[in-house]
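Engineer: Each chain, letter by letter, is given below.
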Amino acid sequence: MLTIEHISKNLGEFILDDVSLRVEDGEYFVIIGPTGAGKTILLETIAGVYPPDSGTVVLDDRDVTFVPPRERNITMVYQDYMLFPHLTVAENIGFGLKNRKLPPDEIADKVAEVAEIFGIGHLLHRYPNTLSGGEQQRAAISRAIVLEPSILLLDEPLSALDGQTRERLRIELKRLHAAYKTTIIHITHNFEEVFSLASRVAVMHQGKVIQVGTPDEVFRHPNSAFIAEFVGVQNIFRGTCTATNGLSEITVEGTEGSHLICSSLCTGNTDVTATIRPEDIMVSCTKLESSARNSFAGTITDVADNGSMVRISVDTGLPFIAAVTRQGWQSLGVEIGDTVYLTVMAQSVHIF
Amino acid sequence: MGLVLAGFIIALLLLVATHPSPSAVIESLMTKEIQFAIYLSLVTSVISTLLCILIAVPAAYSLARYDFWGKSFVSTILDLPLALPPLVAGVGLLLFFGTTPIGDFLESIGIVFVFTPLGIIIAQFFVNMPFMLRIMRSTFTDISPRYEYVACTLGCTNLQAIWRVTLPMAINGFLAGAVITWAKGIGEFGAALMIAGATRMKTETLPISLFLNMSCGELDMAISAAIILMVISLVSLYVFEYFGGSAKF
Numbered sequence: 000m001l002t003i004e005h006i007s008k009n010l011g012e013f014i015l016d017d018v019s020l021r022v023e024d025g026e027y028f029v030i031i032g033p034t035g036a037g038k039t040i041l042l043e044t045i046a047g048v049y050p051p052d053s054g055t056v057v058l059d060d061r062d063v064t065f066v067p068p069r070e071r072n073i074t075m076v077y078q079d080y081m082l083f084p085h086l087t088v089a090e091n092i093g094f095g096l097k098n099r100k101l102p103p104d105e106i107a108d109k110v111a112e113v114a115e116i117f118g119i120g121h122l123l124h125r126y127p128n129t130l131s132g133g134e135q136q137r138a139a140i141s142r143a144i145v146l147e148p149s150i151l152l153l154d155e156p157l158s159a160l161d162g163q164t165r166e167r168l169r170i171e172l173k174r175l176h177a178a179y180k181t182t183i184i185h186i187t188h189n190f191e192e193v194f195s196l197a198s199r200v201a202v203m204h205q206g207k208v209i210q211v212g213t214p215d216e217v218f219r220h221p222n223s224a225f226i227a228e229f230v231g232v233q234n235i236f237r238g239t240c241t242a243t244n245g246l247s248e249i250t251v252e253g254t255e256g257s258h259l260i261c262s263s264l265c266t267g268n269t270d271v272t273a274t275i276r277p278e279d280i281m282v283s284c285t286k287l288e289s290s291a292r293n294s295f296a297g298t299i300t301d302v303a304d305n306g307s308m309v310r311i312s313v314d315t316g317l318p319f320i321a322a323v324t325r326q327g328w329q330s331l332g333v334e335i336g337d338t339v340y341l342t343v344m345a346q347s348v349h350i351f
Numbered sequence: 000m001g002l003v004l005a006g007f008i009i010a011l012l013l014l015v016a017t018h019p020s021p022s023a024v025i026e027s028l029m030t031k032e033i034q035f036a037i038y039l040s041l042v043t044s045v046i047s048t049l050l051c052i053l054i055a056v057p058a059a060y061s062l063a064r065y066d067f068w069g070k071s072f073v074s075t076i077l078d079l080p081l082a083l084p085p086l087v088a089g090v091g092l093l094l095f096f097g098t099t100p101i102g103d104f105l106e107s108i109g110i111v112f113v114f115t116p117l118g119i120i121i122a123q124f125f126v127n128m129p130f131m132l133r134i135m136r137s138t139f140t141d142i143s144p145r146y147e148y149v150a151c152t153l154g155c156t157n158l159q160a161i162w163r164v165t166l167p168m169a170i171n172g173f174l175a176g177a178v179i180t181w182a183k184g185i186g187e188f189g190a191a192l193m194i195a196g197a198t199r200m201k202t203e204t205l206p207i208s209l210f211l212n213m214s215c216g217e218l219d220m221a222i223s224a225a226i227i228l229m230v231i232s233l234v235s236l237y238v239f240e241y242f243g244g245s246a247k248f
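In order, the protein sequences belong to chains C and Z.
Take the first sequence: its position 244, counted from the start at 1, is 243 in numbering that gives the first Met the number 0, and no numbers get skipped.
Take the second sequence: its position 160, counted from the start at 1, is 159 in numbering that gives the first Met the number 0, and no numbers get skipped.
Treat the hints with caution; some may be incorrect.
To be clear about the criterion: a stretch of chain C counts as covered by chain Z if any three or more of its residues have a C-beta under 8 Å from a C-beta of chain Z, and this derived list gives those stretches [what the hints assert, rightly or not]:
#1 42-48
#2 57-70
#3 81-93
No wet-lab data here; the hints were simulated from the structure.
Each residue gets a CB set at the ideal place from its N, CA and C atoms; glycine is no exception.
Required output: the full structure, derived from the provided sequences and hints.
Structural biologist: What follows is the structure, given as structure tokens:
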């Protein structure tokens, strides 16, 4: 188990500001955040590349804050592979084993074994600059995993790869994690990687960790306007919350006076930001008779077809974006300018 | 314009190379004096190049990797000998070793720089150091420190990471720097003349030999020395370019 407490580090351009995290054994922990959020320096601090200005890093009940990287058994893979260009693939993968003074034949066996798992067994004698991006990243991951580290750090491992290779390697990472049960901390910009790999996800912004939770928690219940915007929640409304009879209503100023949105999650009488995920909005041609508290009539102003989902912009006085399946859209049989009804459950209106 | 200039350079080189008869050149090469000059040039330039490597590689590494107080000042001062006329550098060295207590002390324990081959070495070292330093600094700057980070997570100490990863990756810059430093060392005249003087068969390197023989009308001897220097420059320039030196300087 890795426990980071109140870590701060100032590298000028990049900072960590009082970061605390706990990563359980065997967890696949993903960190997301915009460029410059401090994700890489967090990983490098965990690896021990530089000591933090303050705070502690505890690995399996051992304080490793000032322990050099080689004594941590944490390995790291960067986006641009960082394979040593003067060594062959086999020598790269065996680099750490050689440092551990293993006998050459044992190194050769382990290298061959891990290379086989990643499908690069036929490339062992080649030099890195003769390999494709996907092959280089497989070699880099092999080099890190062959040491059986207690934590494997991946810094945007798939970002430099083309779409198909990225997808295949993502599946391999999932398989690898299932097979080796290694604790993995993985930085990415790609939300698909979050949903397909992460057991938990942390969002970083300006050197701070601002939310940690399962992907579902973070994407469905963002705890700040920043995360809502970053993870792509479209319907963000700011207003005042008023609690009446056990249910709360949020007054949002729209184009034609104020609108009320009901939420089961809003409590005090305060200024709030409410978000509704586009796929949580039901679209219909007639007003739905249901227990849902929120029902709005509006005009379709725009339709965007993104393949499997169709995003509909609806003006109800407030600008809503709803997402429906392609089939759902066709069965609606409406077009731009038509009036539709939007229905939202009170518990789908998230408040922060 | 470039063509005209290139033509002019080739004409000059050919003129030097074809002026004496080939037999006269061979004859000069066989004389004790030219052989001594070749020997002294080789020994001094190799030693001064080794010294440059020994000092410049670690200095360049720390300039490339670490931030420290006064870094830009140190950096500028270290480049200064590049712009300084070698004669001025030579006068400085002469005064330092000839008139200061440090020079007197070194002399008292038998290390004499003034008018000795040792002076030639120190002159070459002082004037050529910035070349090695600049090339190595830009070589190290071009190598991402992340290679070392990865090496450290794979079990290396900081020094092992430098030795096993960064230095092998810097090999081209290192060879380019070493060759150009050596070639400039062989050709060093001004600073060496000031501190070591021009004594026949004692501090007579190839450029000094060229100067001495030219002054007393021994044209064949002078031109033989010039031809050797020319060949060394051409070959070392080729090697320098082969290792991508000009991109790093």
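Engineer: The structure should be examined with respect to each hint, and the outcome stated for every one.
Structural biologist: Here's how the hints hold up against the structure:
{"no.": "1", "hint": "42-48", "in the structure": "holds (count 4)"}
{"no.": "2", "hint": "57-70", "in the structure": "holds (count 3)"}
{"no.": "3", "hint": "81-93", "in the structure": "holds (count 4)"}
Going down the numbered hints, you'll see the structure goes against none, and every one checks out.
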